[in-house]
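For the protein sequence lines, the chains are A and B, in the order given.
For the first sequence, the working numbering assigns the number 1 to the initial residue and increments by one for each residue that follows.
For the second sequence, the working numbering assigns the number 1 to the initial residue and increments by one for each residue that follows.
Please keep in mind that the hints were generated in silico from the structure rather than gathered at the bench.
A virtual CB, placed ideally from N, CA and C, is assigned to each residue, including glycine.
All clues given are correct.
Restraint ranges, calculated between C-beta atoms of paired labels, are given here:
hint, chain 1, residue 1, chain 2, residue 2, range
1, A, 211, B, 88, 44 to 50 Å
2, B, 136, A, 424, 45 to 51 Å
3, B, 67, A, 286, 49 to 55 Å
4, A, 112, B, 10, 32 to 38 Å
5, A, 134, B, 66, 34 to 40 Å
6, A, 168, B, 65, 24 to 30 Å
Which residues of chain B face chain A? A partial, calculated answer using Cβ under 8 Å:
hint, residue
7, 69
8, 70
9, 73
10, 76
11, 77
12, 80
13, 83
14, 87
15, 91
16, 92
17, 93
18, 94
19, 95
20, 97
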Amino acid sequence: MIEQHLSLLLVVIPLIAAPVTAMLPGRRLPWLFTLSVTWVCLLLASWQLSVVMNGSVISYELGGWAPPWGIEYRIDAMNALVAFIVAAIAAVTLPYALRSVEKEIPEYQTSLFYAAILLCLVGLLGIVQTGDVFNLFVFLEISSLSSYVLIAMGKQRRALTAAYQYLIMGTIGATFLLIGIGLIYAETGTLNMLDLNQRLQPIMEHRTVHTGFAFIVVGIALKLALFPLHLWLPNAYTYSPSVISVFLAATATKVAVYIMLRMVFTVFSSSLVVLTSYMFLVLGIVGVILPSISAIFQTDAKRLLAYSSIAQISYMVLGMGFASVLGLTATLVHVFNHALMKGALFMAIGAIVYRVGSSRLENFQGLGRQMPWTFSAILIAGLSLIGIPGTAGFISKWYLVLAALEQQSWLITGVILLGSLLAVIYVWKIVEIMFFRPVPETVIEVREAPASLLIPTWVLVSANLFFGFNTELTVDVAGTAVRLLGVTAP
Amino acid sequence: MKHNLILRLIAKFLFPVIALFAFYVQFHGDYGPGGGFQAGVILSVAFIFYALVYGLKTTEEILPPHVLRLLASSGVLIYAGTGVVSLLMGENFLDYDPLSSEPAAGQHLGILVIELGVGITVSSVMLMIFYAFAGRGQP
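Bound-form chain B, shown alone:
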């Protein structure tokens, strides 16, 4: 793809647009269609598109596999951690009421944090799967 100037430029141009749309879907999830799963997939699509044009090696320099592994784990921890916080505040697991001064705001905050965890894990796992297929043979 070295000589394909148009493709390289468009890839560079589209990357922030796709990422921005991913964040829109992520944080708009509680008002309209969207949420962590969809946003995670869209965000990983931005990186996969970049990797298709600029090569796996360049992408792995930006987002190395060991960082992805940490991100994938931390997403699950954010999710489960939110549940534990509500446990420690004296309510049942994943009951978001005590997270804020009033229950409605607490529920709002809780679902936002949890979807963030889902988004981080989904996007990093999608990329890990892509790396595994694209870089066959390497450990």
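Isolated chain A (complex conformation):
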């Protein structure tokens, strides 16, 4: 019975758990409950992935209404892969949360904080599971509203302005998406993704469809933090609580990449893909280089990683720009691998914040020797970020370069390599300050971070190494997903 309702339970279980969590008293109880819910979700997500890995599709009719009239949950390899990433990151982040949240969130807000995390999880999983564009918008709002709240819970007062900035930008993005959905609904009279795809084919040249497409792409690009629309991201990641930086950096933008892929390739496809292709390539090239350079000049470790995230997202956008099988495979593989490396890096920085109380790089001097485990986690995840062979980052860069070479695009190959070189500089900046600078004499002794923070960090770091050698899960599933997207270009 569970297998039949698998795709639904993944969304409904955290949805029911969220209000229950909000009613639980104290600090430990809400945490324990949330932890078990995320682990159940991970179990369901991996089950779902194993079912659709071979290329089959699960369809679920909500309320017993048949699609295209009712809401349909439609799971193929791509949904299942992204849902697995979201559930896995949540399951790894929650053990990390207990100590970190104790330090950063006042007790009377703890249960609400965990409830908001669960709601954010509901939203992200819902976006991935649903096969209905309006339902997707609703889940996008659930995840966005809860993430505004979560970012605003940061300890510094600037968290409030960061959340407000994100609120304004995110709302504009969501509104654009809704306007676009409204326009294509007016043209076709349907909201089901597959049905939309069929009904849009004959009227692809209508101006309304073009306008709707433009609104949808720009709206998602805002959520995605695509290069010129990225301004909300650095503040949001810098000032939010450590746990939220980890969770959002590893999941939120990845889910936005998923929405973009779904909308462009499943809903619209055909002639309009060519239109986005050039835009994605140009913005991707600029977006890899400029944010990487900004990252080099940052004085705050979290902000540095945030700028690096924008550059990494641009790699995924480059892959979408190729619109080829290899390019999209690279995008999906990088979605997976980037979640692993940024999750690990933000966790390690969070461990330092836990001990030192600040993420400013000037306070990191000499910490490498006092916190050796945290330091080596940053080092290995940093190498993965650069794309050193043997780490997960190498696999995605490799496929991206292959995709660029396949189209004989030397410029983009050069840009990808230049991006890696710039990554060397900003990762080295953290390493140099942490390891080669002496400890300032005024600073009191700093101990290694507690095990409950280190173990989740190292789980992600080892995943970085594991997926650097074993590409069966990432590349094969991504390949199946791209085949199902119906991309015909080589």
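Knowing the structure of chain A, use the given hints to seat chain B on it.
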């Protein structure tokens, strides 16, 4: 507002009228315009009006914030719980057919229960927002 007798009397008089209208909109929702969202807002308006005249403190004694928090959560649980009941009865999530002996009656009952959940959550969240703005500075 202590000395404003007319206003205080009218507030007391209007409270049940507004609440009654809220329940009308709530339970008439499946025959005419209405439903949980509108009814929830109207019901919270009754309390907000009361609070404007009699003060926040008196209102918080009638409906304390922690009760509102429980109500807001339980509304969502009623909604999702209805879906789970139909799951347990062997149908898809939120398929109300098995809730009663015949499908039409089941659909009727299902939408009524779900709108009740929506109404409870909306009215308590509206009041929570009002409390948060009116009582600025208190945790």
